[in-house]
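Engineer: Chain by chain, the residues run as shown.
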Amino acid sequence: MIVNILITIVMGWIASSASICLKLATSGEKLSIAGLLRNKWLYFGGMLYVIAALLNIYLLKKLPYSVVVPLGALTYVWTMFLSRKVLGEPVTRSKVLGISIILIGVIMLVISNI
Amino acid sequence: MSDSAKHSSGRIWIGVALMFVCAACLCAGQLIWKMYDGFGPLVAGFLLYLVGSAAMICAYHFGSVSILQPINSVSYIFSTILGAVILHESVTPLKIAAVFTILVGVFILAAGGSKDGAAGGESNGEAGSESGSESGNGRTTAEKGGRHDR
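Chains as they are written, first to last, in the numbering used here: chain L, 66 to 179; chain P, 8 to 157.
Keep in mind that the hints were calculated from the coordinates and are not lab data. Do not rely on the hints blindly, as some may be mistaken.
What the hints assert, rightly or not - Pairwise CB distance ranges (calculated):
{"id": "1", "chain 1": "P", "residue 1": "I103", "chain 2": "L", "residue 2": "P129", "range": "15 to 25 Å"}
{"id": "2", "chain 1": "L", "residue 1": "I116", "chain 2": "P", "residue 2": "I93", "range": "39 to 49 Å"}
{"id": "3", "chain 1": "P", "residue 1": "V50", "chain 2": "L", "residue 2": "G111", "range": "13 to 23 Å"}
{"id": "4", "chain 1": "P", "residue 1": "I21", "chain 2": "L", "residue 2": "A99", "range": "14 to 24 Å"}
{"id": "5", "chain 1": "P", "residue 1": "L94", "chain 2": "L", "residue 2": "A99", "range": "40 to 50 Å"}
{"id": "6", "chain 1": "P", "residue 1": "W40", "chain 2": "L", "residue 2": "I70", "range": "22 to 32 Å"}
{"id": "7", "chain 1": "P", "residue 1": "A61", "chain 2": "L", "residue 2": "E94", "range": "12 to 22 Å"}
{"id": "8", "chain 1": "L", "residue 1": "W78", "chain 2": "P", "residue 2": "V98", "range": "32 to 42 Å"}
{"id": "9", "chain 1": "P", "residue 1": "S97", "chain 2": "L", "residue 2": "I172", "range": "10 to 20 Å"}
{"id": "10", "chain 1": "L", "residue 1": "R158", "chain 2": "P", "residue 2": "L94", "range": "32 to 42 Å"}
{"id": "11", "chain 1": "L", "residue 1": "L102", "chain 2": "P", "residue 2": "V98", "range": "38 to 48 Å"}
{"id": "12", "chain 1": "L", "residue 1": "V156", "chain 2": "P", "residue 2": "L94", "range": "20 to 30 Å"}
{"id": "13", "chain 1": "L", "residue 1": "L102", "chain 2": "P", "residue 2": "I21", "range": "19 to 29 Å"}
{"id": "14", "chain 1": "L", "residue 1": "A99", "chain 2": "P", "residue 2": "T99", "range": "40 to 50 Å"}
As the list claims (entries may be wrong) - Cut-off 25 Å, straight-line C-alpha distance, at most; resulting in silico cross-link-like pairs (SDA-like, lysine to any residue):
{"id": "15", "chain 1": "P", "residue 1": "K41", "chain 2": "L", "residue 2": "M173"}
{"id": "16", "chain 1": "L", "residue 1": "K95", "chain 2": "P", "residue 2": "S121"}
{"id": "17", "chain 1": "L", "residue 1": "K126", "chain 2": "P", "residue 2": "I88"}
{"id": "18", "chain 1": "L", "residue 1": "K126", "chain 2": "L", "residue 2": "N69"}
{"id": "19", "chain 1": "L", "residue 1": "K127", "chain 2": "L", "residue 2": "L162"}
{"id": "20", "chain 1": "P", "residue 1": "K122", "chain 2": "L", "residue 2": "V142"}
{"id": "21", "chain 1": "P", "residue 1": "K41", "chain 2": "L", "residue 2": "I122"}
{"id": "22", "chain 1": "L", "residue 1": "K127", "chain 2": "P", "residue 2": "D44"}
{"id": "23", "chain 1": "P", "residue 1": "K41", "chain 2": "P", "residue 2": "S121"}
{"id": "24", "chain 1": "P", "residue 1": "K41", "chain 2": "L", "residue 2": "K105"}
{"id": "25", "chain 1": "L", "residue 1": "K127", "chain 2": "P", "residue 2": "Y56"}
{"id": "26", "chain 1": "P", "residue 1": "K41", "chain 2": "L", "residue 2": "V142"}
{"id": "27", "chain 1": "P", "residue 1": "K41", "chain 2": "L", "residue 2": "K95"}
{"id": "28", "chain 1": "L", "residue 1": "K105", "chain 2": "P", "residue 2": "D44"}
{"id": "29", "chain 1": "L", "residue 1": "K105", "chain 2": "P", "residue 2": "L55"}
{"id": "30", "chain 1": "L", "residue 1": "K127", "chain 2": "P", "residue 2": "S82"}
To be verified - Coverage of chain L stretches by chain P, computed from C-beta distances (three or more under 8 Å per stretch; other residues unrestricted):
{"id": "31", "stretch": "91 to 102"}
{"id": "32", "stretch": "139 to 151"}
{"id": "33", "stretch": "154 to 167"}
{"id": "34", "stretch": "171 to 177"}
Note that the Cβ used here is the ideal one computed from N, Cα and C, for glycine as well.
With the hints as extra help, turn the sequences into a complete structure.
Structural biologist: Written out as structure tokens, the structure reads:
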């Protein structure tokens, strides 16, 4: 069970990294399909995204929904810190507040389904 | 130039809208998989996932990923509503409160993002110079790591 919880955390890191890669693929002056398809970050991000999705499916078989979903939502926190490190997106009050409130809402939702 | 400086005010709402589309597609896909068996529904679900993912990728062009990715949490709201309307799952006061809470968080995030126009602006919790230098480091890293065909 502990191993699976750790795997859930790692899945969150993978999902975060995927989002960062996809952001790197789409940052730039213009958004074009041709440019996107030539961008290596699209493929790195896509692969990581698929790995995270498969891990998610696996974990939902091993752990209850009420554990996987909130731990999965922690991805938003990892993304906030990872994007600061890699992309220079500042950690603002509104981000911390917004993400915290979202996490509280997710936990409330999970409790309501028990 | 950092993305947050370029993407001031209005643009991020395009990203927010696209994340809503992404969340809706993902929820619809999951619902179809849950409700129906067979090859047709499987393909339909995958197509919805594809469209949703495409919307998400496009969304990231319009703002910071740390603001836009959490917007996807509205998928929990869509799931709850779809579950209540189509699968007749129970709607409790706690569920309604949870949905509103998530919405409040999403709005705070998006609204904060639309103010984030100038680098190190007033909406930052950190001192202007501190976040300025961090943005500088981040920008360099991004340029080193993210240089793509132009």
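Engineer: Now look at each hint and say whether the structure bears it out.
Structural biologist: Consistency of the hints with the structure:
no.: 1; hint: P:I103 - L:P129: 15 to 25 Å; in the structure: holds, 23 Å
no.: 2; hint: L:I116 - P:I93: 39 to 49 Å; in the structure: violated, 31 Å
no.: 3; hint: P:V50 - L:G111: 13 to 23 Å; in the structure: holds, 19 Å
no.: 4; hint: P:I21 - L:A99: 14 to 24 Å; in the structure: holds, 21 Å
no.: 5; hint: P:L94 - L:A99: 40 to 50 Å; in the structure: holds, 41 Å
no.: 6; hint: P:W40 - L:I70: 22 to 32 Å; in the structure: holds, 25 Å
no.: 7; hint: P:A61 - L:E94: 12 to 22 Å; in the structure: holds, 20 Å
no.: 8; hint: L:W78 - P:V98: 32 to 42 Å; in the structure: holds, 34 Å
no.: 9; hint: P:S97 - L:I172: 10 to 20 Å; in the structure: holds, 19 Å
no.: 10; hint: L:R158 - P:L94: 32 to 42 Å; in the structure: holds, 38 Å
no.: 11; hint: L:L102 - P:V98: 38 to 48 Å; in the structure: holds, 43 Å
no.: 12; hint: L:V156 - P:L94: 20 to 30 Å; in the structure: violated, 39 Å
no.: 13; hint: L:L102 - P:I21: 19 to 29 Å; in the structure: holds, 21 Å
no.: 14; hint: L:A99 - P:T99: 40 to 50 Å; in the structure: holds, 49 Å
no.: 15; hint: P:K41 - L:M173; in the structure: holds, 23 Å
no.: 16; hint: L:K95 - P:S121; in the structure: holds, 20 Å
no.: 17; hint: L:K126 - P:I88; in the structure: holds, 24 Å
no.: 18; hint: L:K126 - L:N69; in the structure: holds, 10 Å
no.: 19; hint: L:K127 - L:L162; in the structure: violated, 32 Å
no.: 20; hint: P:K122 - L:V142; in the structure: holds, 20 Å
no.: 21; hint: P:K41 - L:I122; in the structure: holds, 13 Å
no.: 22; hint: L:K127 - P:D44; in the structure: holds, 23 Å
no.: 23; hint: P:K41 - P:S121; in the structure: violated, 37 Å
no.: 24; hint: P:K41 - L:K105; in the structure: violated, 34 Å
no.: 25; hint: L:K127 - P:Y56; in the structure: holds, 23 Å
no.: 26; hint: P:K41 - L:V142; in the structure: violated, 29 Å
no.: 27; hint: P:K41 - L:K95; in the structure: violated, 38 Å
no.: 28; hint: L:K105 - P:D44; in the structure: violated, 36 Å
no.: 29; hint: L:K105 - P:L55; in the structure: holds, 24 Å
no.: 30; hint: L:K127 - P:S82; in the structure: holds, 22 Å
no.: 31; hint: 91 to 102; in the structure: holds (count 6)
no.: 32; hint: 139 to 151; in the structure: holds (count 8)
no.: 33; hint: 154 to 167; in the structure: holds (count 14)
no.: 34; hint: 171 to 177; in the structure: holds (count 5)
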